[in-house]
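There are 2 protein chains.
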Amino acid sequence: MSQKEKYAVGVDLGGTNIKVGIVSHDGKIINKISLDTRADEGPNIVINQIKKGIYALLKNNKLLIQGIGIGSPGTVSTKKGTVENPPNLPGWGKVNLGKIINKEFDIKTKVENDANAAAIGEMIFGAGKNLDSFVMVTLGTGVGGGIILNRKLFKGEFGAAGEIGHITIDVNGQHCNCGSYGCIETFLGNQYIIKRVQEELPKNKTSKIWELINQDLNLVTPKIIQQALLTNDSYAKDIVHSLGGYLGAGLASVANCLDIGKFIIGGGVAGFGPPLILSTQETISHRVLKPLGKRIKVISAKLKNDAGIKGASALAFYK
Amino acid sequence: MSQKEKYAVGVDLGGTNIKVGIVSHDGKIINKISLDTRADEGPNIVINQIKKGIYALLKNNKLLIQGIGIGSPGTVSTKKGTVENPPNLPGWGKVNLGKIINKEFDIKTKVENDANAAAIGEMIFGAGKNLDSFVMVTLGTGVGGGIILNRKLFKGEFGAAGEIGHITIDVNGQHCNCGSYGCIETFLGNQYIIKRVQEELPKNKTSKIWELINQDLNLVTPKIIQQALLTNDSYAKDIVHSLGGYLGAGLASVANCLDIGKFIIGGGVAGFGPPLILSTQETISHRVLKPLGKRIKVISAKLKNDAGIKGASALAFYK
Numbered sequence: 001m002s003q004k005e006k007y008a009v010g011v012d013l014g015g016t017n018i019k020v021g022i023v024s025h026d027g028k029i030i031n032k033i034s035l036d037t038r039a040d041e042g043p044n045i046v047i048n049q050i051k052k053g054i055y056a057l058l059k060n061n062k063l064l065i066q067g068i069g070i071g072s073p074g075t076v077s078t079k080k081g082t083v084e085n086p087p088n089l090p091g092w093g094k095v096n097l098g099k100i101i102n103k104e105f106d107i108k109t110k111v112e113n114d115a116n117a118a119a120i121g122e123m124i125f126g127a128g129k130n131l132d133s134f135v136m137v138t139l140g141t142g143v144g145g146g147i148i149l150n151r152k153l154f155k156g157e158f159g160a161a162g163e164i165g166h167i168t169i170d171v172n173g174q175h176c177n178c179g180s181y182g183c184i185e186t187f188l189g190n191q192y193i194i195k196r197v198q199e200e201l202p203k204n205k206t207s208k209i210w211e212l213i214n215q216d217l218n219l220v221t222p223k224i225i226q227q228a229l230l231t232n233d234s235y236a237k238d239i240v241h242s243l244g245g246y247l248g249a250g251l252a253s254v255a256n257c258l259d260i261g262k263f264i265i266g267g268g269v270a271g272f273g274p275p276l277i278l279s280t281q282e283t284i285s286h287r288v289l290k291p292l293g294k295r296i297k298v299i300s301a302k303l304k305n306d307a308g309i310k311g312a313s314a315l316a317f318y319k
Numbered sequence: 001m002s003q004k005e006k007y008a009v010g011v012d013l014g015g016t017n018i019k020v021g022i023v024s025h026d027g028k029i030i031n032k033i034s035l036d037t038r039a040d041e042g043p044n045i046v047i048n049q050i051k052k053g054i055y056a057l058l059k060n061n062k063l064l065i066q067g068i069g070i071g072s073p074g075t076v077s078t079k080k081g082t083v084e085n086p087p088n089l090p091g092w093g094k095v096n097l098g099k100i101i102n103k104e105f106d107i108k109t110k111v112e113n114d115a116n117a118a119a120i121g122e123m124i125f126g127a128g129k130n131l132d133s134f135v136m137v138t139l140g141t142g143v144g145g146g147i148i149l150n151r152k153l154f155k156g157e158f159g160a161a162g163e164i165g166h167i168t169i170d171v172n173g174q175h176c177n178c179g180s181y182g183c184i185e186t187f188l189g190n191q192y193i194i195k196r197v198q199e200e201l202p203k204n205k206t207s208k209i210w211e212l213i214n215q216d217l218n219l220v221t222p223k224i225i226q227q228a229l230l231t232n233d234s235y236a237k238d239i240v241h242s243l244g245g246y247l248g249a250g251l252a253s254v255a256n257c258l259d260i261g262k263f264i265i266g267g268g269v270a271g272f273g274p275p276l277i278l279s280t281q282e283t284i285s286h287r288v289l290k291p292l293g294k295r296i297k298v299i300s301a302k303l304k305n306d307a308g309i310k311g312a313s314a315l316a317f318y319k
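These protein sequence lines are chains A and B, in that order. Residue numbering for the first sequence follows this note's numbering, beginning at 1 and increasing consecutively. Residue numbering for the second sequence follows this note's numbering, beginning at 1 and increasing consecutively.
Just so you know, the hints here were simulated from the structure itself, not pulled from any lab data. Note that this is a predicted model, so its numbers are computed, not measured. Think of the CB as a built atom: it goes at the ideal place given N, C-alpha and C, for glycine as much as any other residue. Not one of these hints is a red herring.
Reference excerpt, derived from the structure (chain A facing chain B, CB under 7 angstroms, subset only):
#1 Thr-75
#2 Ser-133
#3 Glu-157
#4 Ala-160
#5 Glu-163
#6 Ile-169
#7 Cys-178
#8 Ser-180
#9 Ser-253
#10 Leu-258
#11 Ile-260
Bound conformation, chain A alone (with noise of 0.2 angstroms):
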């Protein structure tokens, strides 16, 4: 078999739908399959639906499948396979996915955090290709992050290290849901972005937002603020502006804490596009000691759609 013959299955878990791929060595999605995740009815049911939808693809394969990878939510020990406490997947407590799923299809399974699979995703198909080290942000309901440091994934002592989200830049900051304050979640999570908004903008009636939403506040999403950034808002670039601020205070103590100066920012939120990556990227360059300051590069996650499969499908080519 040659090097360009290598195929894997990814499996991007999610609350709501599981989403399944078989993904060729170079990052190119050969086929795909998205269920509904189930998640209501509990970690049996999820677990049959990823079940169902490998076995869907798996059907009328002819290509050799090298590995099964695994994008998961919650605390993943990578070694184990476990999972433990998935957000928004109740009633797992800890499951040994890896072994569940490596015993059914008897192909070789990995399971990792979906942030970090995002990471390696990112270091073996995307923006990360050439760097050595970087640190991955994944921006969106929460913001998730994967530490690459000379081409392998950084675990820390226990395998839980890259928590990039629960940072803190803002000691008397809000509240987080992580149960702390300030954490950079609490200024580049969605919700909280557009709750501020949402706070904002009856002081802002001339922005374009205000006229996107139809003046109903409970419309402001994202992907309105980011149209409206598109047409020159200044409230909406003012609003971006700041968020790279934000980011960039909190990635700017990540650098000074691990020296490492490359960022590669993903996820729904990095739709705000160079803006955000600018400002991000000013604001490390400043914030950051002096030697450090130079080596700091901020830039776009490469791979958008289908991001999740490709990452976890990752896993299996990531040695």
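Go by the hints and put chain B onto chain A.
Relative to chain A, chain B alone:
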């Protein structure tokens, strides 16, 4: 030569004094000397002072010296042995201190940032002897740090990792010497503590501190606060409790980022003792992500007197 007969020279290069000692493999100082750094006279004079100190110790020495370790301020490249722009040592630029000392004495020489040397010292001789991984924090004029991961100094991509003092905890906080804002150092650095107490004390005239300084605010020092603390002074207790809160908030970010749960606190301000340690531990435990909470442990550094010499000598014992 048996394990018990190993000795090393440790050089603690400070802005005011250079302390040199011969240290046994189990951390006992056999002999030591202190010289003026003569920092104002530039690098050549300072290097001569270092040589003079080592020569003085080696003169009548019969012990087998297996290496020289130097703990230096500034950015240190351990591989190359270079010291770059050490604060308080004017005119240095970049100096290959390791090579110079190695050439002079023909003894294997290792140079490390002083906070990293402190971490290695605690690992080899001190409170980190039985810990796989921990974060060392040195509280003094500045706030330094060193990260030990699986019994190795964690260096990051280019060797400058562990700058714990420059983790932001208040994005809009005070300007820090490093150029950023609201770093841990702007709460815990000596000068910042003194300034804070000078500002607050006029509103706390019943405090024992007020009496200890004879109402002369210029006399406020961490030592004075420590003395007041020993008399159970409630204002001194409040300060130290809040310092632990700030330090803990920053270290919770470090724990979430690195997945390391043990912290060793050293340096002068660590003299606040158990009240500081306890407040720091409580804060980290409350702020970190749930699965990490149970693993948090904050302890005092064990190397007190001559910690600088011992930490530097440990570089020679550390592989």
